[in-house]
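The primary structure of each chain is shown beneath.
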Amino acid sequence: MAPTPAFSAITLPHALPLDSGEVLEGVQIAFETYGELAADKGNAILLCHALTGDQFVASEHPITGKPGWWERMVGPGKPIDTGRFHVICANVIGSCMGSTGPASEGPEGKPHAMAFPVITIRDMVRGLIGLLDVLGIERLHAVVGGSMGGMQALSLAANFPERAERVLAIATTARHSAQNIAFHEVGRQAIMADPAWADGEYYASGITPDAGLAVARMAAHITYLSEEGLTEKFGRRLQDRTEKGFGFDADFQVESYLRYQGSGFTRRFDANSYLYITRAMDYFDIAEEHGGLLADAFAGTTSRFCLVSFDSDWLYPTAESRHVVHALNAAGAPVSFVELSAPFGHDSFLLEVPALDRVVKGFLE
Amino acid sequence: MSVLQNSALRPDLAVILDHIAHGSRALDVGCGDGVLMAALRDEKQVDARGIEIDGACVERCVARGLSVVQGDADRDLTFYPDGAFDYAILSQTLQTAARPDRIMQELLRVGRRAFVSFPNFAYWRMRKALLLGGRMPVTRHLPVTWYETQNIHHVTVKDFEALANDLGITISNRWFFTNQREISASGANWRAEYALFEVGR
Chain A
1 MAPTPAFSAI TLPHALPLDS GEVLEGVQIA FETYGELAAD KGNAILLCHA LTGDQFVASE
61 HPITGKPGWW ERMVGPGKPI DTGRFHVICA NVIGSCMGST GPASEGPEGK PHAMAFPVIT
121 IRDMVRGLIG LLDVLGIERL HAVVGGSMGG MQALSLAANF PERAERVLAI ATTARHSAQN
181 IAFHEVGRQA IMADPAWADG EYYASGITPD AGLAVARMAA HITYLSEEGL TEKFGRRLQD
241 RTEKGFGFDA DFQVESYLRY QGSGFTRRFD ANSYLYITRA MDYFDIAEEH GGLLADAFAG
301 TTSRFCLVSF DSDWLYPTAE SRHVVHALNA AGAPVSFVEL SAPFGHDSFL LEVPALDRVV
361 KGFLE
Chain B
1 MSVLQNSALR PDLAVILDHI AHGSRALDVG CGDGVLMAAL RDEKQVDARG IEIDGACVER
61 CVARGLSVVQ GDADRDLTFY PDGAFDYAIL SQTLQTAARP DRIMQELLRV GRRAFVSFPN
121 FAYWRMRKAL LLGGRMPVTR HLPVTWYETQ NIHHVTVKDF EALANDLGIT ISNRWFFTNQ
181 REISASGANW RAEYALFEVG R
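Protein chains in written order, with this note's numbering: chain A, 1 to 365; chain B, 1 to 201.
One chain only, chain A, in its complex shape (with noise of 0.2 Å):
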C-alpha cells in the first residue's frame, strides 16, 4: 500500500458496541460529501460501498489519480443529483482509506493488525449512524448501495429503521449464501498463505502481502463478471503473442487482465482489511439477526424499498432480491422490485446500464 493520504474524517464521541460484545474507543470515521446539505438537513443521502470501495465515490481516488466508482451516478444533473441531494459516502470501519481498521494505529501506537476486534455489516452500520448523529442529520432522504453497500442499506434500514426515508439496494443480498462464504474462504487463504503476510503483522516490515492479496482479488473479480462478459471481452485471445508459450506467463488476455486487476487493487487495499471485511460479509445474515423470519426484521418499518438485480449476476442472482422482496411485502411494506437485463454480471451496478438510471432517479424523486 502506498503511504495514506490525508482525508476528512470525524472521530465518534461514544465508544462503538460490536456484535462481538468488545467495543472500539475512538473510532474514525473518514467521508466525503457532494451537494449542498438544505437548511432542514432533509436532502441527504447515504451512498454505502462495496467491499473493495471507499468513500470516493464522485471524486479523484487520492491513491490511484482515477474517477470515482460511481462517478457515471452520482453528480450534477445525473441520477443521484448533487444539485439537489447531499451525497454522503463514508469508509467503513475495518476498511483502510481514513476510517478505523486493523492498519489504523492501535493504543499501544502501532497498527490493531490481527488484533482488530472482527466486525460485522451491522457494526459498519452503527458506525455510519454514529456519522449521521454527529453530522446532525436525523432523516435521510435515501440510503443507497450496491453489492456490500446494499447489505448495509438492508441492515440500515432493520436496525435503525426511523433513520431513511427510502432504501435502495442494488445487486445485493440479505444473508451470504455457502457460495458466497467459498469464495471468501479463498481469498482470505490465498493471503494467509503469503508468507509475508506474517499473521498480519506486515506493517512495520514495509512488506506486505501483495501475491496473496492479489490472488484473493483475481478469485473475488471473477465473480463479478459473467462467463458472457468474459467470452466477449477476452474469449480465448492470446496476449501479445501470436502462439501458445508453453510456460506460465499470462499467455490468455483474461490471465493478464486478472493480473492486472490484482496487482492495480494491492496498491489501494490492506490485506489485513480484506480478511475483516469478507469476514463481516459472510457472517451476514439479517433473519438470524431478527429471531430467523426476515420479515420481522423490517416489521414496522416507514421506509419505501427499491431493490434491483441483475439477470447476469450470479453472485447475488436475483433469487436473492425476491427472498428480500417477499419479506418486505410481509411486513407491508412499499417496494420496488426489478430485474434489469445486463451483460455485466454483478458489476453490472457499477457499469452503463441506462435502465438502472431511471429506477434509481425515478426511486429518489
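FYI, nobody ran anything at the bench for these hints, they're computed from the structure.
Ideal Cβ positions, reconstructed from N, Cα and C, are used throughout, including at glycine.
Please note that a few of the clues may not be correct.
Unchecked claim - Sample of chain A residues facing chain B (criterion: CB under 10 Å; computed from the structure):
1) C306
2) R322
3) S336
4) A355
5) F363
Starting from the structure of chain A, add chain B where the hints point.
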C-alpha cells in the same frame, strides 16, 4: 349507465378508479406501466402496490414513484399476507393466468374485495370470425394471432359467472364494454367486448 369520470383511462380502469374508496390499500396484479396505480394514488390517495411480469413496465412504474414488484401473478401472490389489501385488481390478465381459478382465490385471500376484467371470448364478432372464417379471431381488442397471444384461457362472461359460483365468490357489481363504451347488461355474453366484475367472499 354510469358516467365515466376519468376519460384518460381505459373504461374498465376508470370504473375501478371510481369504485375504490379514498385512502384504501390496493394491489394491482399485472399493473402494466402503472397508469391505474398512478391515478389511484393521485386522485384517491390510495396506497397502491403492483405486480408486473414485464421488466420494462416495472422500470417505468418505479420511475413514476410507484411501488411495483417484478413478478409472476401465478406464482408470487402467495408471498402476500392474508387480507393485506382492501382491493385486489386483476385487469385484462385473468385470461393469461396458468390457473385462473387459483388466481381468483388468491385475489380474495390478499384482498377483501377484487375487481376483475377480461376480454369476453363469446363476443359476437369473435363468434362470427370463428364460425364463418373458421380461424381464431384477431380483433381490435385482441389484435394478436393465436400463436403469439398471451391469452391461454379463453373465458366468457357466462364462464366467469359460473367460476365465481363454483368458488363461492359473490359478484356484487358487473360492467360491460364495447367500443370503449359501457353497454347495458342485457345480452352481455353476446354483446360485450370485455367485462368487469367486482367480487368478494
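Comparing the hints with the structure gives:
At about 6 Å, the closest approach between the beta carbon of A:C306 and any beta carbon in chain B falls short of 10 Å, and the interface hint on this residue holds. With a cut of 10 Å, the hint placing A:R322 at the interface with chain B holds, because the nearest CB-to-CB distance is about 8 Å. Annotation: interface hint on A:S336 holds; nearest CB of chain B at approximately 5 Å, less than 10 Å. The closest approach between the C-beta of A:A355 and any C-beta of chain B is roughly 5 Å, which is under the 10 Å cut-off, so the hint is satisfied.
Here the hint on A:F363 is kept, as its CB sits about 6 Å from the closest CB of chain B, short of 10 Å.
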